[in-house]
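Enquirer: Now for the letters of each chain:
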Amino acid sequence: MARGERPMVPDVEFESYYGRPILKEPTWKTPDVPLYLFLGGMAGCSAVLAEGAALTGRPELERVARMAAAGGAAAGTVALVHDLGRPERFLNMLRVIKPTSPLSVGSYILAPFSALSGAAAASNVTGLLPRLGRLAGLGAAAFGPPLATYTAALFANTAVPAWHEAHRELPFVFGGSGAQAAGGLAMLLVPLDQAGPARRMALAGAVVEIVAAESIVLRRGLVAEPYRKGLPGRLMRIARAATAVASAATVVGGRRSRIVAAAAGATYVAASVVTRFGVFEAGMDSARDPKYTVVPQRERLAARSESSTPQR
Amino acid sequence: MALSPLEWPVLRQLRGPDRLGRGKASMSHRSETLEPRTVEADKVVDSVCPFCAVGCAQRVFVKDGKITQIEGNPASPVSRGRLCPKGSASKQLVTSPTRVTKVRYRRPHGTEWEDLDLDTAMDMIADRVVKTRKQFWEWEADGKRTRRTLGIASLGGATLDNEENYLMKKLYTAMGAIQIENQARI
Amino acid sequence: MAEAHPVGFQWVMEAKRRGATIIHVDPRFTRTSAVADVHVPIRAGSDIAFLGGLVNHVLTTESYFRDYVVAYTNAANIVDEGFEDTEDLDGLFSGFDAEQAHYDPVSWRYQAPDDRSPDEEKRLQQIREDESGGGGQKESHVAAQSESHGSGGAAVPWKGKRDETLQDPRCVFQILKRHFARYTPEMVQEVCGIAPADFAEVADALVRNSGRERTSALAYAVGWTHHSTGAQTIRTGSILQLLLGNIGRPGGGIIALRGHASIQGSTDIPTLFNILPGYLPMPHANQHQSLDEWVRDDEGKAGFWGNIRSYAVSLLKSYWGDAATADNDFCFDYLPRLTGDHSTYNTVKSQIEGGCKGYFLVGENPAVGSANGKMQRLGMANLDWLVVRDLQMIESATFWKDGPEIETGELVTEDIGTEIFFLPAASHVEKAGSFTQTQRMLQWRDKAVEPPGDARSELDFYFDLGVRIRERLAGSTDEMDRPLLDLAWDYPTDEKGEVDGQAVLREINGTGPDGAALSAYTELKPDGSTACGCWIYCGVYADEVNQARRRKPAWEQDEVAAEWGWAWPANRRILYNRASAAPDGSPWSERKKYVWWDAEKGRWVGRDVPDFVPDRAPDHVPEEGATGPDAIGGQDPFVMQTDGKGWLFAPVGLADGPMPSHYEPPESPVRNPLYGQQNNPTRRKYAHPANPINPSWSEVFPYVFTSYRLTEHHTAGGMSRTLPYLTELQPEPFCEISPRLAAERGLEHGGWATIVTARTAIEARVLVTDRVRSLRLGDTFVEQIGLPYHWGRNGISQGDSANDLVNITMDPNVYIQDKVGTCDIRPGRRPRGPALLAFVDGYRRRAGVDPDDPTDGGADR
Amino acid sequence: MTNSLWGRLDDPAGNAGHTDHPPRMGFFTDTSVCIGCKACEVACKEWNEVPEDGYLLTGMSYDNTQQLGASTWRHVAFVEKPAETVETVDLGMPEVGLPGASGDAGVKWLMSSDVCKHCTHAACLDVCPTGALFRTEFGTVVVQPDVCNGCGYCVPACPYGVIDIRPEDGRAFKCTLCYDRLKEGQKPACAQACPTESIQFGEVDELRERAAARVEELHARGVDVARLYGADPEDGVGGDGAFFLLLDEPEVYGLPPDPVVTTRDLGSIWKHVGGAAAAIVGLGVASFMGRRR
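Chains as they are written, first to last, in the numbering used here: chain A, 1116 to 1427; chain B, 15 to 200; chain C, 1199 to 2059; chain D, 175 to 467.
One chain only, chain A, in its complex shape (with noise of 0.2 Å):
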């Protein structure tokens, strides 16, 4: 309680229970849960990059996406069971198979994405079964991708407003920033002549989720305000100048610098990271603010009430 501040329910615009949320702030523990996203937005554009790697022979391409695809899949189930509050209970996430819960449908992806970016991965570090690993990392590709996006259902099947409103722009916005942190980290770590597809990729994630996260500020209203202010807010825009830089990095110096590309590639990685952390911030912020609950609900009664008698 604020000292000397008495709590009567202020007037001004709306109305609420003493300022307090309506929402609970997701219990979702960072860095945890924004490194998950990240990791499996990496780890499933990365499993893709590596099948392309594969069937187009670009060895050293291959090794690193699938070592990322692995890497990633397997730090990111570490996070996911390191957030849990009884992590001893993870098998239970295979317990029920509940398309009404993303985190349930995420499990059935990850869990194949994570044996068969595994297999893949160990398949190309240690040449045995070639045939047997080639299938895994063909498998991983197709799991890959709803892999990256899936988790924008995650977030977008909750009540809270700045995830849930969004939920049109945030798969692609995850699904874009997977897709740049893949490229990226490929930019990083291969030599250029095989690394032309990890930087298109990456320019063309970044372009998807740039686009995506502005049209997250354009249409949704109020409940898009948390993207713009406050800590998400200086997220978001430092994720978003990273990927213009890198972006032009990529453009101008990709194809030529090796030191431009892996500074480029870095900085996809970072502003994909923040990125995550943006969104989630944005998120947290927003279930804090009963103005994100309650301005939009009033807004839309109002509306059906014009529209209608009302109904309740």
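One or more of the hints may lead you astray.
Restricting the straight-line Cα-Cα distance to at most 16 Å, the calculated cross-link-like pairs of lysine to aspartate or glutamate (EDC-like) are [claimed, not checked]:
#	chain 1	residue 1	chain 2	residue 2
1	C	Lys1599	B	Glu128
2	B	Lys145	C	Glu1617
3	B	Lys77	C	Glu1648
4	B	Lys116	C	Asp1652
5	C	Lys1375	C	Glu1282
6	B	Lys145	C	Asp1582
7	C	Lys1645	B	Asp60
8	C	Lys1599	C	Glu1617
9	B	Lys80	C	Glu1285
10	A	Lys1406	D	Glu423
11	C	Lys1750	B	Asp60
12	C	Lys1599	B	Glu126
13	C	Lys1791	C	Glu1761
14	B	Lys148	C	Asp1582
15	B	Lys158	C	Glu1491
16	C	Lys1214	D	Glu391
17	B	Lys57	C	Asp1644
18	C	Lys1375	C	Glu1285
19	D	Lys357	B	Glu49
20	C	Lys1359	C	Asp1278
21	B	Lys116	B	Glu126
22	C	Lys1694	B	Glu49
23	C	Lys1359	C	Glu1279
24	B	Lys57	C	Glu1628
25	B	Lys145	C	Glu1285
26	B	Lys80	C	Glu1648
27	B	Lys57	C	Glu1648
28	D	Lys357	B	Glu46
29	D	Lys361	B	Glu49
30	C	Lys1375	C	Asp1283
31	C	Lys1645	B	Asp56
Incomplete in silico selection of chain D near chain A, CB under 8 Å [unchecked claim]:
#	residue
32	Ala297
33	Asn323
34	Gly324
35	Val329
36	Gly344
37	Arg345
38	Val389
39	Leu392
40	Leu429
Hints are computed from structural coordinates only; laboratory data are not their basis.
Heads up, the beta-carbon is just placed ideally off N, CA and C, and yes, glycines get one too.
Dock chains B, C and D against the given chain A, drawing on the hints supplied.
Expert: Relative to chain A, chains B, C and D alone:
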């Protein structure tokens, strides 16, 4: 969960009507067999709330000599089974871990509590009553017979039973102690 | 009521659902106000002015229930010529002795009848002797003897002359009219801070809902009683309800909401200094040196109280059994005698002065729960020994190491010689016994589990203590030990040595010559052939059955629910229910039918046990010289009164006047607008240096404070502050203040405040709320500070005790303190340690508290 | 699967695979008779052995519980607001003003015992990946403590902010509507304790009728502010199993004015996720076309 793999809820989902796994299929064994703990009570004892004077009826559930639940008795024409927050906290009142269950003794000028055997404590108290009673005994005051002691006083009774108040007043009166009071004066 | 008796409040909500108007009069806006139809904020301590205003309204608008008033009250009685009212004496009644600060009530009596019976002649002689000798009647108010009227009214010497036209200027009705004439709505505004419009709303609702077809009830708690005029506040309510015809009728009455599980029981079977079981007075050394003297005032008077000798002898028989014989006055001499005020506050003073050295605390926590906590602790620090019996380690057991006086240095642990025994007590589920709830109903509890460790019930403790004391005295030939040695103290015990509570209840119920349990107090005899531990409880063990243990479900009975528990007297649920019928015995109305005369059967019948002689016809006129119940007329519903009437005017029995008058609390920021007399002239001052009074109208102490309970806690907190589930709901002491006061004193919501009186200062968190209203009294505002009093230094949540602020100035009838006081409030926490003493001392000096006579508020003329 | 995700659904238990199930049970909390005694909070904790939830004087009127959460399954809100100025009858009295300093109409003090809504479409249940949250045969929504792994998804899913993780335990907790007691035909502890019948327990259909009648009754008495909250089976969560009669706007009590279960948009969400996944595939393919470098 040492259950048959056939009881994997995913399979139950596929087998039964709960395809989305949101109800029947996801029930655990515990949920299937859940019971209120009161059904296991060895006895249910009729009681009355110890806080205010409305006199709400309580039902006390006992299992293995321990109280497992206290709740209102709907049969009461006074309370109809309802309890206020204090009455609802009765179980916590009687099972409180901070309840003092051993005699504590503070000797004159002492700085700490000490242990004391209950029987010894009773003897010591009886000795002191006898001594103080005699020390302050008064046959008369201003020439009028009083037959009393002003050396011993007592405060309390409103939270106690009628039978207890009766014994207290009876014993004190026979002792000649008159400064016997309770919350009704406060 | 919703605050402190939420479950009882369900019936108020039921009534509201059925269209009743709920009016809540309280200084603060509480949970009750929140659901009431009307909340009337009132200045704490001004209840008599408010109720008096209603009485005046009812009288001046002729809204009283005339048939009821004429037949059932003493409105028609003619009062002695010598009576002078507060109207005549500017706030005093006739008979005031300024030196002794008490009244001689002789001029308040009913006019003596011209044709006196021999008995009445005798009484007149006696009164004349008393007048000249200065004894007798005057003593009826000392030693809180008024309280012995808990079951029966004070005795009047004669029924008196009546003018049923109510026109005689000296009849009670006319006196009442004159007395209350100045209690106008405008005066109510000036005294109470209640706007005339609000007052009118209440008055209209009350009148509209009273009469033949409707009844209204008054419910109160210690907001009415904790005043130096407490008893008279209840009297004002009684007058109002009698005028409106709301007594003895369903839906009517004055409902005391008592605050402890068996506080009613501990008054009926008292652990109180001034009475014995069944409201028999403790003998007074000046008046009662024999059985005859003891029962003289009441014996043979009209009504059931006239059989007092039977009740008294039966009590002595249950105390001393075979040792009590007709030859030895049934051991009357074994009873200790009073010589004055031996109430708890006086005892504390005696403890401080070294006159009382042993102390039992049994489920009480005076260090937090009693007024002027410092004096309580100083008293306990000066004992030889202290026995504390409780569930938790309460402040009264630990004051010697962590009390506020240890902090200030007023007490030093090593210097405190008090030997302390803390004995753990059994909880309500660990023993069997009966509680008497607030409507006089006994309910038996069975035992559920064994008490833990050393915990024992009080029943076992006192029985065991008695056994051990008697062992020590066995063989003594000292006369002082006879009462203990002859005591009937042989209760059956079980294999664990625990006393059977039902055997004690049976002793309370009483037994006849054949040793069988009695069924009704009408069976009690004055010859020693019956024994009864509490005559009003006679019948609770009728037919050798524990009637208090009856639990016939509510749905198997009508709403009177006569077969759930057992209510004294005689399992009667509404007292004086003869008044629910008109004088001719027919119900006042079909709607309010309750008990009525069935001419065919020749009996009173109805839904409750009739509170009347069962076959006494409505037209019965007692024979000349009849005594006791025989003297009850067919139209005298108030069977415990010696004149059978409800008293609008109390000719005897009260220490501070036959009618209520508003006096300001001993500490007040305003001058009494009604009379020149500021305070109750007969209030009991409590002279002690540790009990200084803030001078009236002091600018140093400009605000009013009052203390109260919260739903989430219980009294001194021992049963609630120790429980997580309750403590989390109200985790800290706080004070509630109005926004205006907050602005005036710079107090911040959520911040700290220090509240200062001449006794001490405490700190509390601040809640600024519109629920506390600034009251407008004429041109000025009065600010009130609300203080929940549940906290102390032990338990899960700790804080200063509000009762440390409360001064001890007592009602002259019942010796209960006034919880309203004045104070200053300032932002921030209080000084710590010895600095606190200097801080308070500074206030005392600035306020001009007289160091020689600190209990004089300076308001007496 | 019609209506499984949102909209009117008359038999949530049946929809969740319970055949031959008892009627849907729920709460009707009539705040117009609530006296804020908090018996519900304590009775709930005693029965369900919920730990204490912190000792903090909040300054939010008499509400020191603050909100529903993992260790508070019933929460009594206290709202202090200036009372609406009521037209008073002119009594011909001299105008001296009301007792208040400002001569206003005083204060109103609203109390409301909040609880899990046991939504017809319960987002917490829908998003729970382990099946720990499930729909019981009584149509209520319950967490199975033996299953929950504390993933925390239910927490942001709830549009009312009810369910939460108990940090020291790691699992999610909320009102079970005393599932165990219901199995034996007993009332939930809070409803059993409630002194004034503010908390009414019963069959949801019957409670809805009772609630509608109560609102009408209050309106007839001039209490125009009375309105039902959560009783409409057509609302954004398909109606609540625990609904309320309120005397002010929902948000004044800390309730969302127009909650919608997130699964209403589940189709759209998955569609967009699918679209984005496809976009990645496309983007991946495109990345490997063109120049080989």
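Enquirer: Could you work out which earlier hints the structure fails to respect and list their numbers in ascending sequence?
Expert: 9, 13, 22, 25, 38 and 39
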